[in-house]
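Q: Chains as they are written, first to last, in this note's numbering: chain A, 1 to 98; chain B, 1 to 597.
None of these hints come from the bench; they were simulated from the model. Given the structure is predicted, the values throughout are model-derived calculations rather than measurements. From the three backbone atoms N, C-alpha and C, an ideal C-beta is built for every residue, glycine too. Possibly wrong hints are sitting among the right ones.
As the list claims (entries may be wrong) - Now the in silico label distances, taken between C-beta atoms and shown as ranges: (1) A/G62 with B/G514: 19 to 29 Å; (2) A/P84 with B/G478: 48 to 58 Å; (3) B/T77 with A/G53: 22 to 32 Å; (4) B/A571 with A/I13: 52 to 62 Å; (5) A/G62 with B/S300: 57 to 67 Å; (6) A/P84 with B/P551: 42 to 52 Å; (7) A/G14 with B/W427: 23 to 33 Å; (8) A/G62 with B/G478: 18 to 28 Å; (9) A/R69 with B/A482: 52 to 62 Å; (10) A/L86 with B/S516: 56 to 66 Å; (11) A/R69 with B/R69: 22 to 32 Å; (12) B/L565 with A/I13: 45 to 55 Å.
Stated by the list, open to error - Residues from chain B that keep clear of chain A, each with C-beta distances beyond 12 Å, as calculated: (13) Q30; (14) D34; (15) M35; (16) N66; (17) S72; (18) D216; (19) P250; (20) V447; (21) T448; (22) A449; (23) A557; (24) R559.
To be verified - To list a few chain A residues with every Cβ distance to chain B over 10 Å, as calculated: (25) A43; (26) R69; (27) L83; (28) T95.
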Amino acid sequence: MGRRSGQASVEMIGCAVLLAIATVAVLEALTVVRARITAERVADQAAVLVAEGRPLPASLRGAARIQRRGDRLVVTVPLPVRLPALPAAAVVTATVPR
Amino acid sequence: MACALVVLLVVAGFVIGVLGGIDSAGANAQRAADMAALAAGHRLSSDPAAAAADLRSAAADAARENGGRLVSLVQLTEDGLPSGVEVSVAVDGEHPVRARARVGVEFTAAEPTGSFRPVDLHGLAGRAAVVAAAAAQVGWPYLWGGESRAEGGFDCSGLVDYAFTAAGAALPGRPTAADLWRMGRSLPVAALQPGDLVFVGTAGGAPHHVGIYVGDGTVLSAPHTGARVGYSPLAFGGWDGYASLLPAGPAPLDDPVSAAARRSGVPGHVLAAELRMGLASDPDAAAAALARAQAAHPGSLQEALAAQLGSASAAALVLRDGGGAGVGLSGAVRLVPLPHGDADADHNPSIPAAPAQTPTGRPASAPMAAGSSWSDDIGTALDAGGHTAEQLGERGRAVPLQAAAALQHLSRFGLTALGGLLPDPDWRDAVNVVGSIWDTYSAIRDVTAAAAAGGLELSGVGLWAARFSVLGGALSTGLFAAQAYSARRSRDRVGYGLMAVGSAATTAGLMTAGGSLMAMGATTSVVPPVGLTLIAVGAGICVTGYLVRHPEWCRGAARIGAAALDVAWRAQTAPVRAVATVADRARSLAGSIPTPW
Numbered sequence: 001m002g003r004r005s006g007q008a009s010v011e012m013i014g015c016a017v018l019l020a021i022a023t024v025a026v027l028e029a030l031t032v033v034r035a036r037i038t039a040e041r042v043a044d045q046a047a048v049l050v051a052e053g054r055p056l057p058a059s060l061r062g063a064a065r066i067q068r069r070g071d072r073l074v075v076t077v078p079l080p081v082r083l084p085a086l087p088a089a090a091v092v093t094a095t096v097p098r
Numbered sequence: 001m002a003c004a005l006v007v008l009l010v011v012a013g014f015v016i017g018v019l020g021g022i023d024s025a026g027a028n029a030q031r032a033a034d035m036a037a038l039a040a041g042h043r044l045s046s047d048p049a050a051a052a053a054d055l056r057s058a059a060a061d062a063a064r065e066n067g068g069r070l071v072s073l074v075q076l077t078e079d080g081l082p083s084g085v086e087v088s089v090a091v092d093g094e095h096p097v098r099a100r101a102r103v104g105v106e107f108t109a110a111e112p113t114g115s116f117r118p119v120d121l122h123g124l125a126g127r128a129a130v131v132a133a134a135a136a137q138v139g140w141p142y143l144w145g146g147e148s149r150a151e152g153g154f155d156c157s158g159l160v161d162y163a164f165t166a167a168g169a170a171l172p173g174r175p176t177a178a179d180l181w182r183m184g185r186s187l188p189v190a191a192l193q194p195g196d197l198v199f200v201g202t203a204g205g206a207p208h209h210v211g212i213y214v215g216d217g218t219v220l221s222a223p224h225t226g227a228r229v230g231y232s233p234l235a236f237g238g239w240d241g242y243a244s245l246l247p248a249g250p251a252p253l254d255d256p257v258s259a260a261a262r263r264s265g266v267p268g269h270v271l272a273a274e275l276r277m278g279l280a281s282d283p284d285a286a287a288a289a290l291a292r293a294q295a296a297h298p299g300s301l302q303e304a305l306a307a308q309l310g311s312a313s314a315a316a317l318v319l320r321d322g323g324g325a326g327v328g329l330s331g332a333v334r335l336v337p338l339p340h341g342d343a344d345a346d347h348n349p350s351i352p353a354a355p356a357q358t359p360t361g362r363p364a365s366a367p368m369a370a371g372s373s374w375s376d377d378i379g380t381a382l383d384a385g386g387h388t389a390e391q392l393g394e395r396g397r398a399v400p401l402q403a404a405a406a407l408q409h410l411s412r413f414g415l416t417a418l419g420g421l422l423p424d425p426d427w428r429d430a431v432n433v434v435g436s437i438w439d440t441y442s443a444i445r446d447v448t449a450a451a452a453a454g455g456l457e458l459s460g461v462g463l464w465a466a467r468f469s470v471l472g473g474a475l476s477t478g479l480f481a482a483q484a485y486s487a488r489r490s491r492d493r494v495g496y497g498l499m500a501v502g503s504a505a506t507t508a509g510l511m512t513a514g515g516s517l518m519a520m521g522a523t524t525s526v527v528p529p530v531g532l533t534l535i536a537v538g539a540g541i542c543v544t545g546y547l548v549r550h551p552e553w554c555r556g557a558a559r560i561g562a563a564a565l566d567v568a569w570r571a572q573t574a575p576v577r578a579v580a581t582v583a584d585r586a587r588s589l590a591g592s593i594p595t596p597w
């Protein structure tokens, strides 16, 4: 009886660890995808505005860091939580037509 | 239950990864398409007559610089005039996608501030050129001593000086009416030809007024203060002297467009441009419409043209065509929404103006700010979902393959999740054995198909499914081994043991693909035939393990098989048995008939 109880506890701990790892992985995947989507959207809208000769609104600058290097726009959206072996931010580069 | 949740989370991660990848590729394609369309639009705005090859070149460069490939470019027109560009751009890669974008170009003309209306004579020379250049200035106010737009108008000799200069026959100095009379060769009125000059006050030898004879008994002149440059009959101007500064020659033909412009009193060069560009077909009707528009907008020919044509952009293009390079032309290039359900974009669609409030012409949600609310997150997720769906719709022939692969793998993962969620152990095993049979069948099919090709290439959804299968297989092997170790019945020990061996073989078979299978940067990986064989054998062993644990399934299957064979046998032999029965009946009937002797 005692042996069976001990085995169940070990299995529960193992499953809990697995669940925690899977949950963290899924949340991190969500965060990365969310940052990437934001960076893509901001890059597209900022590049269009620059190409049309219009100023960038504050709402766009608030959503991401936008740097202009020549005809390139570099949009950076930092990840709120950084895990090892994962990038610190989603970075998207757009080239504005001359 | 916990294992089922883990599997569900893995499936969720897989779905998030795939959809996120598709959305990212789609956004990249959309950006490349937007930039390509804007590049072509800018090229068009600087030169409305730009060749399609030039536009394509500009769009292709912009698409390439943004990681895309220009697929097609359609030049859009409105009433025959260039109005925009629509492009389709593809991004090749793990998730090949296409995107379209459309820009509209609104042209604006800028006449020079320091001179009168520039005129493009379109090859006219001599008398016809002098008349055309003067006719382009109809409507300017008279201003004594005026000879430039900056001064605000013409006087009579200023108009003559301008017309001769514009026609390429510049006069010396800035001659007055008296100077022109002295420079000219005197003519009788009957000898007047278009381009000759008519004077008032020649009796004293120093006339004080001059006009240009334009033919058909009409004079064009800047008459007096308070009046505008315009036409008047030769008979009613008090003209008393006639002279020519041009060499004698055949009179130019009085074309119907000039005649219509004369009759309505409108600038001839823009009327000619309207007809040349196909915006009007009847010179008299067009001239009358322009005259009405000029009456409503006396201060600006461009505004009058815009009112007549119903489009400021068309007015600018007409002014440019009529005025030539002297008229500055610029264009506002804006991304505009794609028409929904527009299968054929080359049909002169009317391009709506870009909305003033949104950053792009396409309806797009605002970008998500860091730390925004859950409602924003949900909005962004829905937006991304819609975007992904759009991209899936744009992927052409790649969609069925990718979608079918995704559906297949998701169904398989879903079966695994269902197997973990069911409360009854027998039902769980039933679902799992179906999954293992599926795996066996797929692997045998893959071995058959890939034997000649040297292996099965995995990419996109298939590659990610294989990666998760390796993790799931390793997990299953451990769980089955633990269950075999702790099982009380020998049947369960053997069954779970077989399942552990089968899972290990399946996992090992997948891992024969090498490091490219698990390397996140890899986009393709190849499972060799030996690996596929291991997978098939492993899946088959798993099936055997389940059957060992459930001999009642084998007995039930045997009973069902026997019953099916019996039914098939009866169905197949029914006609023979029916004939035999009929023969027996006939035989017995024949035996029952009494013999008469």
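Q: Take the hints in turn and mark each one as holding or not.
A: Quick rundown of the hints versus the structure:
1. Distance hint check: the CB atoms of A/G62 and B/G514 are about 46 Å apart, inconsistent with the given range 19 to 29 Å.
2. Between A/P84 and B/G478 the beta carbons are some 25 Å apart, a value that contradicts the proposed interval 48 to 58 Å.
3. Roughly 24 Å separates the CB atoms of B/T77 and A/G53, a value that falls within the hinted 22 to 32 Å.
4. For the hinted restraint 52 to 62 Å between B/A571 and A/I13, the CB-CB distance of approximately 59 Å keeps it satisfied.
5. With their beta carbons about 42 Å apart, A/G62 and B/S300 fall outside the hinted range of 57 to 67 Å.
6. As the Cβ distance of A/P84 to B/P551 is approximately 50 Å, the hint placing it in 42 to 52 Å holds.
7. A beta carbon spacing of about 24 Å between A/G14 and B/W427 agrees with the range 23 to 33 Å that was offered as a hint.
8. The supplied range of 18 to 28 Å is broken by A/G62 and B/G478, whose beta-carbon atoms lie about 48 Å from each other.
9. Between A/R69 and B/A482 the Cβ separation comes to about 56 Å, which falls inside the hinted range of 52 to 62 Å.
10. One distance hint, 56 to 66 Å for the beta-carbon pair A/L86 and B/S516, is violated here, with the actual separation near 20 Å.
11. For A/R69 paired with B/R69, a C-beta distance near 24 Å keeps the hint of 22 to 32 Å intact.
12. Between B/L565 and A/I13 the beta carbons are some 52 Å apart, a value that agrees with the proposed interval 45 to 55 Å.
13. Not every Cβ of chain A is farther than 12 Å from the Cβ of B/Q30; the closest lies at roughly 6 Å, contradicting the non-interface assignment.
14. For B/D34, the condition that its CB be more than 12 Å from all CB atoms of chain A is violated, with the nearest at approximately 5 Å.
15. Not every C-beta of chain A lies more than 12 Å from that of B/M35, the closest at about 6 Å, which undercuts listing it as non-interface.
16. With a closest Cβ-Cβ approach of about 5 Å to chain A, B/N66 is found to fall inside the 12 Å limit, against its non-interface label.
17. Once the 12 Å rule is applied to beta carbons, B/S72 is consistent with being away from chain A; the minimum gap is 18 Å.
18. A cut-off of 12 Å between C-beta atoms confirms that B/D216 is not in contact with chain A; the least separation is 49 Å.
19. The claim that B/P250 lies off the interface holds: its Cβ sits roughly 52 Å from the closest Cβ of chain A, which is beyond the 12 Å cut-off.
20. No Cβ of chain A approaches the Cβ of B/V447 within 12 Å, the least distance being about 32 Å, so the stated non-interface status holds.
21. For B/T448, the non-interface assignment is confirmed: its Cβ lies about 35 Å from the closest Cβ of chain A, beyond the 12 Å cut-off.
22. Distance to chain A confirms B/A449 as a non-interface residue, since its nearest Cβ pair spans about 32 Å, more than 12 Å.
23. Against the 12 Å criterion, B/A557 stays outside the reach of chain A, whose nearest CB is about 33 Å from its own CB.
24. Under the 12 Å C-beta cut-off, the non-interface status given to B/R559 relative to chain A holds; the minimum distance is some 37 Å.
25. Not every beta carbon of chain B lies more than 10 Å from that of A/A43, the smallest distance being close to 6 Å; the non-interface claim is violated.
26. Look at A/R69: its CB is around 13 Å from the nearest CB on chain B, clear of 10 Å, so calling it non-interface holds up.
27. Under the 10 Å C-beta cut-off, the non-interface status given to A/L83 relative to chain B holds; the minimum distance is some 13 Å.
28. Non-interface status of A/T95 relative to chain B is broken: a Cβ of that chain comes within 10 Å, the nearest being about 4 Å off.
In the structure shown, a violation is registered for the earlier hints numbered 1, 2, 5, 8, 10, 13, 14, 15, 16, 25 and 28, in ascending order.
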